[in-house]
Every structure is written in C-alpha cells, then in structure tokens.
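2 protein chains.
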Amino acid sequence: MPELRKDPVTGRWVIIATDRAKRPSDFVRESVMPRGVPVCPFCPGQEQRTPPEVLAYRNGNAPNEPGWSLRVIPNKVPALRVEGEIDRQGEGLYDKMTGIGAHEVIIETPEHLSTLATLHEKRIEDLFWAFRDRILDLRKDRRLRYILLFKNHGEAAGASLEHTHSQLIALPVVPKRVQEEIAGSRRYFDFKERCIYCDIVRQELEAGARVILETDHCVAIAPYAPRFPFETWILPRAHQSHFEEAEAPTLQSLAWLFRAMLRKMDKVLERPPYNLVIHTSPIQEGPNPHYHWHIELIPKLTKVAGFEWGTGFYLNPTPPEEAAQFLREAGLS
Amino acid sequence: MPELRKDPVTGRWVIIATDRAKRPSDFVRESVMPRGVPVCPFCPGQEQRTPPEVLAYRNGNAPNEPGWSLRVIPNKVPALRVEGEIDRQGEGLYDKMTGIGAHEVIIETPEHLSTLATLHEKRIEDLFWAFRDRILDLRKDRRLRYILLFKNHGEAAGASLEHTHSQLIALPVVPKRVQEEIAGSRRYFDFKERCIYCDIVRQELEAGARVILETDHCVAIAPYAPRFPFETWILPRAHQSHFEEAEAPTLQSLAWLFRAMLRKMDKVLERPPYNLVIHTSPIQEGPNPHYHWHIELIPKLTKVAGFEWGTGFYLNPTPPEEAAQFLREAGLS
Numbered sequence: 031m032p033e034l035r036k037d038p039v040t041g042r043w044v045i046i047a048t049d050r051a052k053r054p055s056d057f058v059r060e061s062v063m064p065r066g067v068p069v070c071p072f073c074p075g076q077e078q079r080t081p082p083e084v085l086a087y088r089n090g091n092a093p094n095e096p097g098w099s100l101r102v103i104p105n106k107v108p109a110l111r112v113e114g115e116i117d118r119q120g121e122g123l124y125d126k127m128t129g130i131g132a133h134e135v136i137i138e139t140p141e142h143l144s145t146l147a148t149l150h151e152k153r154i155e156d157l158f159w160a161f162r163d164r165i166l167d168l169r170k171d172r173r174l175r176y177i178l179l180f181k182n183h184g185e186a187a188g189a190s191l192e193h194t195h196s197q198l199i200a201l202p203v204v205p206k207r208v209q210e211e212i213a214g215s216r217r218y219f220d221f222k223e224r225c226i227y228c229d230i231v232r233q234e235l236e237a238g239a240r241v242i243l244e245t246d247h248c249v250a251i252a253p254y255a256p257r258f259p260f261e262t263w264i265l266p267r268a269h270q271s272h273f274e275e276a277e278a279p280t281l282q283s284l285a286w287l288f289r290a291m292l293r294k295m296d297k298v299l300e301r302p303p304y305n306l307v308i309h310t311s312p313i314q315e316g317p318n319p320h321y322h323w324h325i326e327l328i329p330k331l332t333k334v335a336g337f338e339w340g341t342g343f344y345l346n347p348t349p350p351e352e353a354a355q356f357l358r359e360a361g362l363s
Numbered sequence: 031m032p033e034l035r036k037d038p039v040t041g042r043w044v045i046i047a048t049d050r051a052k053r054p055s056d057f058v059r060e061s062v063m064p065r066g067v068p069v070c071p072f073c074p075g076q077e078q079r080t081p082p083e084v085l086a087y088r089n090g091n092a093p094n095e096p097g098w099s100l101r102v103i104p105n106k107v108p109a110l111r112v113e114g115e116i117d118r119q120g121e122g123l124y125d126k127m128t129g130i131g132a133h134e135v136i137i138e139t140p141e142h143l144s145t146l147a148t149l150h151e152k153r154i155e156d157l158f159w160a161f162r163d164r165i166l167d168l169r170k171d172r173r174l175r176y177i178l179l180f181k182n183h184g185e186a187a188g189a190s191l192e193h194t195h196s197q198l199i200a201l202p203v204v205p206k207r208v209q210e211e212i213a214g215s216r217r218y219f220d221f222k223e224r225c226i227y228c229d230i231v232r233q234e235l236e237a238g239a240r241v242i243l244e245t246d247h248c249v250a251i252a253p254y255a256p257r258f259p260f261e262t263w264i265l266p267r268a269h270q271s272h273f274e275e276a277e278a279p280t281l282q283s284l285a286w287l288f289r290a291m292l293r294k295m296d297k298v299l300e301r302p303p304y305n306l307v308i309h310t311s312p313i314q315e316g317p318n319p320h321y322h323w324h325i326e327l328i329p330k331l332t333k334v335a336g337f338e339w340g341t342g343f344y345l346n347p348t349p350p351e352e353a354a355q356f357l358r359e360a361g362l363s
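Residue numbers (the numbering used here), protein chains in the order written: chain A, 31 to 363; chain B, 31 to 363.
Simulated from the structure, these hints should not be mistaken for laboratory data.
Wrong hints could be hidden among the right ones.
What the hints assert, rightly or not - So the derived list for chain A, only partly shown, Cβ under 10 angstroms to chain B, looks like this:
| hint | residue |
| --- | --- |
| 1 | ARG35 |
| 2 | GLY75 |
| 3 | GLN78 |
| 4 | GLY188 |
| 5 | LEU191 |
| 6 | ARG207 |
| 7 | ASP229 |
What the hints assert, rightly or not - If you only want the chain B side, here are some residues facing chain A, beta carbon under 7 angstroms, derived:
| hint | residue |
| --- | --- |
| 8 | MET31 |
| 9 | GLU33 |
| 10 | TRP43 |
| 11 | ASP125 |
| 12 | ARG175 |
| 13 | LEU178 |
| 14 | ASP229 |
| 15 | ARG232 |
| 16 | LEU235 |
| 17 | TYR254 |
Heads up, the beta-carbon is just placed ideally off N, CA and C, and yes, glycines get one too.
Work out the full structure: start from the sequences and follow the hints.
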C-alpha cells in the first residue's frame with residue numbers, strides 16, 4: 031500500500047510509492063563528466079574575462095591573476111544588482127520592487143576537470159568558508175534580507191558552465207518557501223519548546239533506518255517525506271539557526287561528510303547531476319531557537335513532472351529507507 | 031533594472047530579468063513530434079492491455095473494445111488506490127496515512143499521432159467534459175478531498191508514453207500549494223470583498239499588455255509574476271470556484287481558446303513540451319466567493335535550476351509582456 035507522508039516542517043504531503051519502489055538502476059540518466067572546453071572563463075589565466083573578484087583564497091599574486099585556489103566573482107549577467115535604491119511600487123493590484131541584491135559565482139577550484147567529489151577535503155572546507163565569508167560581508171548591507179547559496183551540478187540540473195562552481199543570490203525579501211519552513215519550525219517550537227530539526231536528528235539517529243552517514247558534528251539522512259528519490263539532508267547535530275555561525279570544527283566535519291556523500295552518490299547513481307541548497311535563517315535576524323540550518327542535496331534522476339510546481343504535491347518512487355540503505359552500503363573510495 | 035514582482039495570490043516573489051530578456055529563439059529545446067510506436071497500449075485494439083475503462087465516449091460497441099473517441103482508465107501502476115481505509119498514524123514526530131485515492135489516465139484520442147493542438151475543437155471540449163464527469167463521480171467518495179487534473183506533454187515535461195493523455199490524481203488531503211493559493215485568495219477577499227482573480231481579469235483586460243487571447247467566456251493571459259518563460263493562465267471571465275461547475279458555453283469557449291493557445295505556442299516555441307494543471311477548489315466544499323478556477327499552462331523551455339524547489343524563488347528571463355506579445359502576434363493556422 032502506498033504511503034502518504036507529511037513533511038513535519040512545511041506540512042507538505044508526498045506519496046511514497048512503496049510497491050513500485052525504484053532502485054538506483056531504474057533511473058535513466060546522464061552521468062556528469064567534465065570534458066574540458068577550449069576557452070573557459072573560470073580557468074586560471076582567464077581572470078580578465080570575468081568581473082573583478084570580490085573574494086579569493088590565493089597563495090600570493092595580485093587579485094585577478096592566477097594563483098588562487100577559490101575565487102568569488104559577481105555574475106556577469108546578474109539577476110539582481112547592488113546599485114540603486116529599493117523602490118516598492120504598486121501596479122494596480124500588483125506589487126513590485128526594483129531588483130536590488132547580489133548575484134555571485136563561487137569558482138570552487140582552478141582545475142577545470144575536477145568536481146566536488148574529486149577535490150581534496152580541504153578545498154570543500156574552503157568552499158564552506160567562502161560561503162560564510164560572503165554572508166558575513168553581504169549582511170552588512172541592511173537592505174538585504176536573505177542569502178541563497180546553491181549549486182547546480184551538471185547541465186540537467188541547470189549548470190550552464192562545466193567548470194565546477196556554486197552561486198549566491200542575496201535578496202531584499204525572504205523567499206516564500208523559506209518563510210514557510212521557518213514558520214513551520216516556529217509552530218513546532220511554540221507547541222513543544224524544542225527545535226523540530228533537533229528532534230529529527232535525535233529520532234533519526236535512534237531509528238537508524240534513514241541515517242546515511244554521521245560524524246561528531248554532522249549527520250546525513252534521507253528525510254522522512256522526501257520529494258525526490260535519493261534526496262538527502264545534512265544537518266549539524268548541535269542547534270544553530272544560521273549557517274554563518276558555524277565554526278571550524280563543524281565546517282571541517284561538514285566538509286568530510288559532504289564529500290563522502292557525493293562520492294557515495296557518484297557510486298550508487300553513476301555521477302548524477304544534482305542540486306545543492308543551503309537552508310538557513312534570514313541574515314538580518316539574530317540567532318533563534320526554532321530554526322536549524324541544513325543542506326539539501328537532490329540528485330536529478332527523474333524527468334520533472336512539472337505539475338508538482340503547481341500543486342506542491344510530490345510522487346516519489348523510492349522510499350527513503352531504501353535510498354538510505356543503498357547509500358549507506360556504498361563505499362567511499 | 032531587473033524587477034522583483036510578487037504573485038498577488040501566493041505571495042511568491044519572482045525576478046523578472048528585464049535586461050537580459052530572452053526571446054523565443056533563445057531557448058534550446060526539443061520539439062515534441064509523436065513518432066509512432068509498434069505496440070502502444072493506448073491505441074484502439076489494445077484495450078485489453080490496460081485496466082478496464084471507468085469512462086469512455088464511444089459510438090456503439092461494448093466497453094473495452096475499439097470505437098471510442100476518448101477513454102478513461104485507472105493507471106496500471108497507480109500512485110494511490112481506492113481500496114482500503116484511510117488510516118492516519120504517527121511515527122515518532124512524523125505523520126503518515128495510507129495512500130487512499132485514485133490515479134486515472136485520460137486517453138484523449140484513439141489517434142496515436144495527434145496532439146491536443148492538432149485534434150478537432152470538439153475533441154478538446156470532450157476532454158474537459160471528461161474531466162468534469164470524473165470529478166462529479168469521484169467526489170461522491172467522501173474520503174477524497176482534492177482532485178488534481180494535469181497533463182505532461184512530451185518526455186521532457188514528464189510524459190512516459192507518447193500517445194497523448196492527461197492524468198487525474200484524487201487525494202485524501204488538499205495539497206499544500208493549493209491550500210496556499212486558496213488562503214491567499216481568501217485574505218484578499220476578506221480585505222476587499224472581491225475575488226482576486228476577478229480583479230486580475232478586469233485589470234488585465236483594461237491594461238491589455240499581458241492579454242494573449244479572449245473569448246466571450248474565457249481569457250488567456252501571461253500572469254504578472256510568472257515563474258517560467260511563456261507561462262500562461264486561462265481563466266473563465268465569470269466567477270466560479272469549481273471547475274466542475276462549468277457549463278456548456280464555458281467549456282466550448284475554453285476548448286476553442288485552449289486549442290488556439292496550444293497552436294500559438296507550437297508556432298512561437300516550435301512544439302514545446304509543456305505541463306498543464308487545472309487549479310480548482312477542494313471537491314467536498316460548496317461554491318465559494320474567493321477562489322476562481324483556472325488553467326496554468328507552462329511550456330518546458332529551461333533546464334530546471336532545481337534550487338527553485340528548495341526556495342520558492344524563481345528567476346524568469348522573459349518578461350510576461352514580451353511573452354504575451356509574441357503569442358498574441360502568432361497566427362492560429
């Protein structure tokens with residue numbers, strides 16, 4: 031009998047099709063294999079072809095020269111711009127505002143043919159430090175309310191350039207879905223006086239069936255009501271509302287665990303395209319007791335049945351307990 | 031300057047990238063051209079290969095024999111089943127229930143190589159009648175709360191069989207996104223004592239810039255804050271909360287307008303894959319003054335940047351005013 035499961039934070043229902051469960055080999059997909067391109071603007075030596083860097087980790091050399099291991103640049107065709115004033119206006123019954131914000135690209139390595147799964151652990155840790163550094167810098171601009179950090183890996187997941195990179199979008203509003211998640215966790219806190227994510231971590235570690243990997247500071251689980259096959263969440267064990275509060279031990283632990291997760295996914299799902307999103311609290315608010323930052327990692331395995339956008343209803347052919355088992359059993363090599 | 035626009039019903043913000051506006055030719059995509067397959071279970075003569083029909087429009091002949099012009103069957107691998115009892119249970123802090131519901135397939139024509147854009151207008155009208163007939167039948171089952179009617183056209187939009195068909199999923203819960211839309215329209219009604227969709231129709235017809243097509247009973251517009259390029263909404267002019275309340279003049283008018291829209295899209299966007307979703311009120315509730323059923327039609331033009339699922343934030347490279355103009359100017363032939 032199929033099961034309807036409710037995501038405890040957002041209240042979203044999903045159908046888990048237990049009796050037509052899909053195994054990894056049932057998903058037809060393209061493997062993501064960087065092939066190399068003749069003139070990649072993200073490669074060392076091509077620094078002049080991008081806007082000037084806003085952050086770089088480098089061993090000597092001047093800015094916008096080779097010698098970096100990670101580089102953050104404004105997006106060449108930004109969705110939002112820092113310049114200008116926020117101007118809210120009506121248009122009959124509609125509302126709009128000027129597109130103030132920031133849109134940056136984090137080039138994760140100078141090596142064109144690397145992926146996050148093949149990079150050294152230290153480079154992954156640097157990526158998380160760069161996320162943190164950019165949040166701490168951008169939140170000084172009080173007009174900005176939320177920072178989205180995400181990665182589209184592979185063309186099928188929306189990446190337009192092959193050279194591995196993440197993106198940052200800083201917004202003058204808190205997006206709907208984020209608001210909803212935060213409101214859901216606040217309702218739980220009002221009722222129980224506990225963080226729902228802390229409770230999830232506790233229950234998952236006790237039950238074990240959906241746990242994929244754990245370290246001293248972090249845990250990777252298949253969520254109870256996943257929208258997509260092999261959807262994975264990575265959470266810090268200790269309560270923390272903002273990603274940018276994370277300190278060295280957490281980020282080190284996260285880097286190891288995240289890289290291990292990607293290697294497991296590459297193994298089980300044959301180098302799938304994926305999307306990564308950091309879920310965190312709005313940047314202008316202080317620490318709170320109800321929301322708990324985490325990472326959502328979603329391999330892109332199924333053709334999107336677009337009706338899900340319209341309905342918020344998801345049909346998932348792989349029970350999370352099975353996905354967790356496949357990933358748990360896969361080695362790290 | 032890019033614009034942030036707010037969807038007035040759900041409160042969802044989208045970025046409209048006015049200064050990197052994409053025109054139809056900027057989208058790389060696959061055209062959907064039915065090619066024919068040797069043994070299609072939806073073709074006449076293959077009726078024994080599907081579960082027995084629950085509805086058919088036919089000229090004579092026995093059920094589950096050829097001679098039909100439209101046929102509704104239970105999905106062979108249903109996401110939900112009618113048999114059994116609704117059983118709600120906890121699992122620690124989580125909630126689940128048994129997957130009671132219905133999952134049906136509407137085979138829109140016996141002709142394997144047709145699409146809705148090439149079918150006769152009368153066949154499209156029949157499709158809408160079939161939607162209505164199935165709702166009226168299924169709502170007698172008081173356990174069912176909501177009926178999703180949708181169509182995935184083309185493989186890239188999630189269709190797994192080529193022979194043109196729609197789907198129906200009847201659910202024991204009202205999906206999150208539907209609840210949200212209805213709650214948004216109720217808030218507006220509480221404030222203004224008017225239906226927000228009626229106001230949208232009025233404002234759009236006055237402004238004209240986002241109107242694509244209109245008939246006596248229906249209007250097709252590019253919405254003010256579309257999530258996707260060339261997203262189109264089709265609304266009845268007169269207030270009506272439930273799709274199944276629609277009567278012959280509306281359904282006739284809708285059939286003409288919908289077919290015309292598809293022909294325009296096929297012309298401007300070169301036979302794109304698309305998703306169609308009917309947005310309507312929960313089936314067990316009586317008529318209400320705040321919600322207004324409508325159709326959302328979304329051509330699948332862009333690779334899905336999956337972070338949008340996680341954030342509810344959309345980046346749309348084509349302003350709706352431009353999309354509307356392209357579609358308005360395209361002929362119907």
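To see whether the hints hold, each was checked on the structure:
1. For ARG35 (chain A), the interface hint holds, the least distance from its beta-carbon to any beta-carbon of chain B being 5 angstroms, beneath 10 angstroms.
2. Interface restraint check: GLY75 (chain A) against chain B, minimum CB-CB distance 27 angstroms, threshold 10 angstroms, status violated.
3. Restraint check, GLN78 (chain A) versus chain B: the minimum CB separation of about 22 angstroms is more than 10 angstroms; hint violated.
4. Here the hint on GLY188 (chain A) is kept, as its CB sits about 3 angstroms from the closest CB of chain B, short of 10 angstroms.
5. A hinted interface residue such as LEU191 (chain A) counts as satisfied when its beta carbon comes closer than 10 angstroms to some beta carbon of chain B; here the least separation is about 13 angstroms, so the hint is violated.
6. A least Cβ separation of about 3 angstroms between ARG207 (chain A) and chain B falls short of the 10 angstroms threshold, and the interface hint therefore holds.
7. Because the closest C-beta pair between ASP229 (chain A) and chain B is about 5 angstroms apart, less than 10 angstroms, the hint holds.
8. Interface restraint check: MET31 (chain B) against chain A, minimum CB-CB distance 6 angstroms, threshold 7 angstroms, status holds.
9. With a least beta-carbon distance of about 5 angstroms to chain A, the hint placing GLU33 (chain B) at the interface is held under the 7 angstroms criterion.
10. Interface hint at TRP43 (chain B): satisfied, since its Cβ lies 5 angstroms from the closest Cβ of chain A, which is below the 7 angstroms cut-off.
11. For ASP125 (chain B), the interface hint holds, since its Cβ comes within 7 angstroms of a Cβ in chain A; the closest pair sits about 4 angstroms apart.
12. Taken as an interface hint, ARG175 (chain B) does not check out: its beta carbon lies about 11 angstroms from the nearest beta carbon of chain A, beyond 7 angstroms.
13. A cut of 7 angstroms between beta carbons decides the hint on LEU178 (chain B): the least distance to chain A is about 6 angstroms, and the hint holds.
14. With its C-beta approaching chain A no nearer than about 5 angstroms, ASP229 (chain B) sits inside the 7 angstroms limit, and its interface hint holds.
15. Using the Cβ-Cβ criterion of 7 angstroms, the hint placing ARG232 (chain B) at the interface with chain A is not satisfied: the shortest such distance is roughly 9 angstroms.
16. The closest approach between the C-beta of LEU235 (chain B) and any C-beta of chain A is roughly 12 angstroms, which is over the 7 angstroms cut-off, so the hint fails.
17. Satisfaction of the interface hint for TYR254 (chain B) is found here, the shortest Cβ-Cβ separation to chain A being roughly 5 angstroms, below the 7 angstroms cut-off.
Checked against the numbered hints above, the structure violates hints 2, 3, 5, 12, 15, 16; every other hint is satisfied.
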